[in-house]
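Student: The chain contents come next:
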Amino acid sequence: MKVVGARIPRYDGVAHVTGRTTYVDDVSVPGTLWAKALRSPHHHAGITKLDTSKAESMPGVHAVITWKDVPLLEYGHLSALGIPADEPLLAKDEVRYLGQPIALVAAESEALASAAVDAIEVGFEERPALFDIRQAFDSESPKIHQWGNWYPHFEGEMDVRQIRKGDIDRAFEEADTIVQGVYRPAAIEHAPIETQVCQVVPEPNGRLTIYSCTQALYFSLGVVAAHLQQPLNRFKLVGGTTGGGFGGKVDTATETMTCLLVMKANKPVKWRWTREEEFLCSSTRAPWHMELATAVTKDGWILGQKMLTLHDSGAYSRFSPYGLTKHSFHHTGAYSIPNLHFDGYVVYTNRTPTTAMRGFGVTSVSFAVETHMNRIANELGLDPIEIRLKNANRIGDTSPNGIAYTDPSTVETIQAIAQAIGHELPADYRTMTNEPRTGELLPEHLVSQVGSTEGH
Amino acid sequence: MAVASVASDAATEILMPGSEDEAIAAFGDGTEVVVVGGGTIVVPDMTYRRLRPAKALMLGNAGLSGIETDGSRVTIGAMTPVQALVDLKAPLGPCASNVADLEIRSQGTVGGNLCAGEGYEAPRGDLQGAFLALGATARSAAEGDVTEEPLEDFLAKRRERLLLSVSFDEPAAGAFAGLDRPHTHDYTALAVSGARAHDGTLRLAATGAGSWGARLPSAEAAAGDPAAAGEAALQDVTPHDDALASAWYRTKVLPVLVRRVLAELKESA
Amino acid sequence: MNLTVNGVAHEVSGSELAPLLDVLREELGSMGAKAGCHQGGCGSCTVLVDGEPRRSCLLPAGYADGTQITTVEGLGAPEDLMPIQQAFVHYYAAQCGFCTSGMMLAAQAYLDRGGTDDPEAIQHALAGHVCRCTGYSKIIDAVAATARGDSFDLTTTAVGKHTTMANGGPE
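Protein chains in written order, with this note's numbering: chain S, -6 to 449; chain A, 1021 to 1289; chain H, 6 to 176.
Incorrect hints may appear among the rest.
[Claimed, not checked] Label-pair restraints from in silico Cβ distances:
| hint | chain 1 | residue 1 | chain 2 | residue 2 | range |
| --- | --- | --- | --- | --- | --- |
| 1 | H | ASN7 | A | GLU1042 | 20 to 26 Å |
| 2 | S | ASP125 | A | SER1288 | 50 to 56 Å |
| 3 | H | GLY154 | S | ALA413 | 30 to 36 Å |
| 4 | A | TRP1268 | H | ASN11 | 47 to 53 Å |
| 5 | S | ALA413 | H | LEU159 | 29 to 35 Å |
| 6 | H | GLU84 | S | THR424 | 51 to 57 Å |
| 7 | S | LYS257 | H | ASN11 | 38 to 44 Å |
| 8 | A | ASP1049 | H | ASP55 | 32 to 38 Å |
| 9 | S | PHE272 | H | GLY12 | 36 to 42 Å |
| 10 | H | ASN11 | S | HIS416 | 51 to 57 Å |
| 11 | S | TYR4 | H | GLY140 | 20 to 26 Å |
| 12 | A | GLU1190 | H | ASP55 | 27 to 33 Å |
| 13 | S | LEU435 | H | GLY140 | 37 to 43 Å |
| 14 | S | PRO2 | A | TRP1268 | 48 to 54 Å |
Worth flagging that the hints you see were computed from the coordinates, not collected in a lab. Beta carbons: idealized from backbone N, C-alpha and C, even for Gly.
Start from the sequences and build out the full structure, keeping to the hints where you can.
Tutor: Pasting the structure below:
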């Protein structure tokens, strides 16, 4: 293996430092029109009127698109994973988040495109908005999604992602104490230095060349083809160079609409989001609400854990059911907890739809679990590193969804951290390994864990 | 300066005077004129279409930049870059250093900063408090008439007049204390400037505790007892909520900053 | 208006209030300066104006009239990289690369005014430049190494101050 362990330079390093790397906005095609979007100024409203005729007749305006121009208005990006479509490419009867795109204009300059957007006549009937996921379940809260306020299409048409493992009631009975905590990380902006941007060029042979900043070329190709009801080979997708994405450039947020403008105008079109659009309208990492109740013995063994998660999907599903599912599989963090009771909901609010961001679904639970471990250590008066080593995953332990660990590095990692921060460990903790549990590291409550694939 | 007209997308008329007199004439009574200092505030507002001026008065060539000293009297031209103040004594030096970053300080001007209108986050006008604490006067023009007046009087009409320069007497001692900024892009969330003149007059002023910089007369009156002065300062301002800090937080921190400034002034006695 | 960009003189039309960034990119086809925010908040539009770093998204073209502008394309070519460029390659100081041209130009100006390898001084000089990829430490390592006059082997990556856990601890 020539590369693993070697220190090799980036293949694009010289390109980056000489300004030769070509990002989407650096693609310059003569005759390119500027795109601008009409976006919802309301968090939740019915659309009572949408008249683009004035904009269309302005000199220098070559195309205006609305929902009527989209061959397949709603497409489930993760339909292959069983997540049905719920989001229109362009708003039709209503808007559900501030910034939701309603119409797009392609014109000969940025200023003209903006002026044309201002000339679109649109009427709204405001509706009450829902922002707090905890209130989504109140019968008095506004109903903001066609499926209700939370996602109902997990397997078997369940409305909750559940994990049940072992005997949680017994764990809670046998515990010396129950430690509770509520953890609510906020939404996080990806904020890449390059904003969302797309350039589409109509080719003489009838194909469309799409210069895209997507992180997921083939995925985006499929999404565009599905919305436009065209064969895949109608499009040539040029990408792979992104000015930062971090999960925020997987939503295929610009490509389809830019293609539609090109199909109407028969000229190249570029759509570059402003930094304000990037902050206000692009998808974020989801906010979460997590409640943990952990059954522990006084010497720091974790017998069982109950967890409730509410994942704020924003106005539409996008990838949230998938993110919550990953979250559920990892909801014990790096630790072996044999008795589990997990309920997770994908909840809708009138916020910008949320999406993937590095560690999608899992960073939230890592934050909760690690903070909670410190809380447990505090309440029991135990060392926070020793309590982690005690409960750390070992060979043969199983994850919440029943996968047996073959070589977890948890123990080694925690020991390395202890050394790096100068935290002295007692000898028996210094010599722990990830070998299958035996002796004192195999108390009764962990016996059933080892080598078992029992689980939900 | 008059509120810019959000006109049609007709091109903005550009005025680029080559001298102070030409600038005064071009400004006229300020109607429909947007004054462009360095451009750090106006240009992004135009890019984002919040500002579409009928006329833009670009002052870059009007010879209004420079720091002149006449004995102990210092006069700073309105087009002096903020960066030129960074090495001056407190409160101006540390106040200017706390503005944005090197690139923006080098392009942004004293005049543009002092005359800034209200922004979207903290009130702009980071330098207002420091100059108020120095007892500065402002020389400005409107309708061809040039006036020099106390800075606090000018600030109330800063959008209607063309600022030419500010002047102050070097103090015997100066001090500055401000909230740390989360990011260089942020305007001053809250800061207190103080100065003691050679005749013993003590001035304290706050930036970020209201629409624009303001003196703290109640704190000045109680300056002999810093703890009391800190609390008294709250009578002089009405803190607000914005993206950088809540009114509640400003109310908690303002007395602390006042005490720090008074302590620093006492040390340099 | 007359702009000299990387030594080549250009006459440009348009409003004196147009941001220099848009003139560079759209009128002159010079793409090195990036449009990250058009608010002066990210630094990716930074160019040198008569040797000093400025936010081209904030600078009215009229104020750049008659000046010498340096963009990243005016630093070294691939076969003749300047030390700061070599350092950025060697230290992995660029990941997505979008902030890189602004970072290097601001860093070069810092070095030209006698900047040292003091990490705090480097941070202060680059304070207005945002990077969402590298976490900044490799950028600081690269600028510090350049300030020291280190030589760079571009066939490998450097082990910087913050990038190793030698003997179980940071260097």
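Student: Would you mind marking each hint as holding or not holding in the structure?
Tutor: Structure-based check of all given hints:
no. : hint                              : result
1   : H:ASN7 to A:GLU1042: 20 to 26 Å   : holds (22 Å)
2   : S:ASP125 to A:SER1288: 50 to 56 Å : holds (52 Å)
3   : H:GLY154 to S:ALA413: 30 to 36 Å  : holds (32 Å)
4   : A:TRP1268 to H:ASN11: 47 to 53 Å  : holds (52 Å)
5   : S:ALA413 to H:LEU159: 29 to 35 Å  : holds (31 Å)
6   : H:GLU84 to S:THR424: 51 to 57 Å   : holds (55 Å)
7   : S:LYS257 to H:ASN11: 38 to 44 Å   : holds (39 Å)
8   : A:ASP1049 to H:ASP55: 32 to 38 Å  : holds (36 Å)
9   : S:PHE272 to H:GLY12: 36 to 42 Å   : holds (37 Å)
10  : H:ASN11 to S:HIS416: 51 to 57 Å   : holds (54 Å)
11  : S:TYR4 to H:GLY140: 20 to 26 Å    : holds (21 Å)
12  : A:GLU1190 to H:ASP55: 27 to 33 Å  : holds (32 Å)
13  : S:LEU435 to H:GLY140: 37 to 43 Å  : holds (40 Å)
14  : S:PRO2 to A:TRP1268: 48 to 54 Å   : holds (51 Å)
Figure legend: structure checked against the earlier numbered hints; every hint is met.
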